[in-house]
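For the record, the sequence lines run as chains A, B and C. Going by our numbering, the residue at position 127 of the first sequence is 130; the numbering climbs one at a time, nothing skipped. Going by our numbering, the residue at position 7 of the second sequence is 397; the numbering climbs one at a time, nothing skipped. Going by our numbering, the residue at position 17 of the third sequence is 436; the numbering climbs one at a time, nothing skipped.
If you are wondering where the hints come from, they were derived from the structure by calculation, not from laboratory data. Keep in mind that the hints are not guaranteed to be accurate.
[Unchecked claim] Okay, derived cross-link-like pairs now, DSSO-like style, lysine-lysine, Cα gap no bigger than 27 Å in a straight line:
1. LYS456(B) - LYS627(C)
2. LYS447(B) - LYS437(B)
3. LYS645(C) - LYS122(A)
4. LYS234(A) - LYS552(C)
5. LYS627(C) - LYS122(A)
6. LYS627(C) - LYS86(A)
7. LYS645(C) - LYS458(B)
8. LYS122(A) - LYS422(C)
9. LYS627(C) - LYS90(A)
10. LYS200(A) - LYS552(C)
11. LYS645(C) - LYS227(A)
12. LYS645(C) - LYS234(A)
13. LYS422(C) - LYS429(B)
14. LYS224(A) - LYS552(C)
[Stated by the list, open to error] Short, incomplete list of chain C residues facing chain A, as computed with Cβ under 10 Å:
15. MET420
16. GLY549
17. ASP628
18. GLU629
19. LEU661
Yeah, the Cβ is synthetic: ideal placement off N, Cα and C, and Gly gets one too.
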Amino acid sequence: MKIIYTVIIYFIGLGAGYGQQVKVTPTSEWVEFIGVNSVNIKGYNGSEIIIESDDEEDEKAITVGLKLWDQDEFISDTKAGLKIDQKSRALIIKQTSKNYSCGEDREYTIKIPKNMNIKYTHSSWDGDMLYIEDMAGSIEVSTNYNEVILKNVTGPMAIKTVYGSIDAEFSAVSQEGSISLYSVYEHVNITMPKDTKSKFNLKTTYGNIYSDLDINVDKSKSGKTGWTGSKLVGDLNGGGVDVIVNATYDNVYLRSK
Amino acid sequence: MIDPRQKIEKSECEKMLHQALNNLPEDQREVIWLTRFEKMKYADVAKVFECTESAIKVRVHRAMKKLKTEYLQLERL
Amino acid sequence: MNKDLLEQNIIDYLNGELSGDITAFENMINSDKAASQLLEEYRSLYHTIQHSSDATPPEALDQNFNDFLQQEIKITTDKNPKFGINGVIGKTTLFLILIGIGLYIGTQLNNQPEALPLQNYAYDNTHDPGQSKMLQLLDAPTISNRIKAVNMSTYIDNAGDDIIQALSKTLLTDKSDHVRLAAVEALGNFADEPGVRSTFLVAIDKEKDETVLIALINLLTSIKEKEAIQSFDKIIQNKKSLNFVKDEAYSGKLKLTETY
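Build out the structure end to end from the sequences listed, making use of the hints.
Right, dumping it as C-alpha cells:
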C-alpha cells in the first residue's frame, strides 16, 4: 500500500544549539541509515520520522545553486547534510556532507515511530556512537568502528561491530526471531529482566563470560574452547528466544535488571 | 538495482521458457539441459547417452527448434 | 542455404560447436536479413535460458545424489555394468552428474559465485522434527529467523549430513552477512566432518564482509587448517583489504606456520 511520500522541511535558525529539523512520513516499515557517523535514535508514538541536526550550517547561503560532490556522484537536495530517499524497501538516510573543521562531526537526533525497523551500516573510521532507545521493532547493525548503545529495546536484532562495544539494555525481550550480538575487539554487555525466557549461546575466544542470571547451563555444550576460549549454552526460565553472543577478544556480561 | 518492470519482464520470460521446456519430450529436454544449462560439449553428451556425436547434434537441433517454436507461440498468447 | 540447415548451423554456432569457417558463417549471417533475424531469435532464447534463475533439471537427471552415487559405485564394480561397456562410462557419467548437480545448484542461486557441489538436500518430515524445522527456517525471509535456524544446529544431537550441508550452503550463499557470520560459528562445531574444511576455504576466498572474514580467519587458525595460508596471503596482499583484516590474516598465518 503506497502512501504518498511527503517531505516537510523546516529550517530553524535558533542560533547556538539546534541547527535544522527535517520531518519525513515513511511509507515502508524500515528506515536504513548508511554512513551516518553519530546518531541518537529514539522511538516514540508518532508516525513521522523527525531528524534534528546540531549543525547550524552557516555555509547554507554560499552553497545555494550548487550540488554536493559525494564520493561518486553530484547530489542536490540534501537535507541537514543527509540524502533522504524513500524506496519501496526502506527510507534510506545517508550522510553526505561531513564537518570535521571543529574536530567533531555533526550529531543527529532522530525520532522514529517505535515499531519501525532499523538498519544501520557504517564501515569507515569516522563511525562514532550509535544510540538507540525505546524501539520495539527489528534492529540490524553492521559497523566497524561505532560504539553501539541500546536502551529499552526489545529485539529481534542482529548487531555486529569490529571495534565498537555493544551495550544492550532490554525492557522486555521479544520472543520473535533471535537476538544476535557480535563484537570482535570489544565487550558485549547485556541487561535483561531476570524473568526473561531465553536460550543462551555465549562465546568468547580470548575473554571471559560473566553473569548474575540463574541460567540452567547445558554442561555438555559449555566450558572451555581451545586454549583460552569460553562457551556457555543454557536456558533461562525454561528457555525461549535465542540470544547468541560473541565477544571474540573481550568479555561477555549478562546481567539481570 | 533492477528496474521492477525489467524484473517482471524477466520473470515472464522465464515462466514462458519453463512452460516451453515442459512441452518438450523428455529426451529433448535432457539434451537442452546438458548443452545449455550445464554447457556440455556434444561429444560429452554423446558419452552420457552412449550414442554418436552426430546423433546428439540431431537431437539438439530438433530440441532447440521445437523449444523456439513453443516459446514463440507462448509469447504471442 | 535452406532454412533447416541454417537453423542447425545457428544452433551449433551458439553452442560453440559449429564446424567449418566461422568467419564465413558470420559474414553470411550479417549479409542476410532473414538469417540475422533467425540468429537473434535463437540468441534471445539462449539468453533467457542462461539467465534463468529457477530452472530444474528433467526428472531423469534429478535423482537423489546418494542413490545415484550408490548405483554408480555398484556399476563400476559390477562385471556386467548396466551401461554395458566398462567402468569408464560409469565414472564419466558420475563425474558429469557431480558437475551437473553442482552447477544446477549454482543456477538456483541467482548467478551468485559457484558453490561447492553440495547435496541437493530435501528435508523429510519423517526425520527429526527439529532438523526439519531448522531446514525450513533457513529459508525464512527475516534475518533474525535465519539466524535462529542456524543456531538450532547447536541443539541437534547427531546432526546429519542434511544439517551440515544446509549450514554450508548458508555460509556460502546467504545474502545477509549476519546470517553468514552465524553460520561460521555453527559450522565450526562440525569442523571435523568431511567437506566442512573445504567449505571454509571456499568461503574465505569469496567473502567480502570484514567481520565474517575475521571469524573465518580465526576459525581456520583454530582448527589448524594449513591450506588456509594461501587464502590468508591473498587477503594480506589485496590492497582493498582493510588493515584490521590483514592484521588478523597475518596473525593467523604466523600461527599456522609455527611448529606445534
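A quick look at each hint next to the structure:
1. LYS456(B) - LYS627(C): Status violated; Cα separation ~43 Å.
2. LYS447(B) - LYS437(B): 13 Å, holds
3. LYS645(C) - LYS122(A): 37 Å, violated
4. LYS234(A) - LYS552(C): Holds. LYS234(A) to LYS552(C) sits at ~25 Å (cutoff 27 Å).
5. LYS627(C) - LYS122(A): Holds, because 19 Å separates the two Cα atoms, which is no more than 27 Å.
6. LYS627(C) - LYS86(A): 26 Å, holds
7. LYS645(C) - LYS458(B): 51 Å, violated
8. LYS122(A) - LYS422(C): 58 Å, violated
9. LYS627(C) - LYS90(A): With a Cα-Cα distance of about 25 Å, the restraint between LYS627(C) and LYS90(A) holds, given a limit of 27 Å.
10. LYS200(A) - LYS552(C): Distance of about 20 Å is within 27 Å: holds.
11. LYS645(C) - LYS227(A): 24 Å, holds
12. LYS645(C) - LYS234(A): OK: LYS645(C) and LYS234(A) at ~25 Å, within 27 Å.
13. LYS422(C) - LYS429(B): Status holds; Cα separation ~25 Å.
14. LYS224(A) - LYS552(C): Cα-Cα ~21 Å, so holds.
15. MET420: This interface hint is violated because 50 Å lies over the 10 Å limit.
16. GLY549: Given a least distance of 13 Å, the restraint on GLY549(C) is violated.
17. ASP628: Given a least distance of 8 Å, the restraint on ASP628(C) holds.
18. GLU629: It holds, given that the least Cβ distance between GLU629(C) and chain A is near 6 Å, below 10 Å.
19. LEU661: Holds: closest Cβ of chain A sits about 7 Å from LEU661(C), inside 10 Å.
In summary, the structure is inconsistent with hints 1, 3, 7, 8, 15, 16 from the numbered list given earlier, while agreeing with the others.
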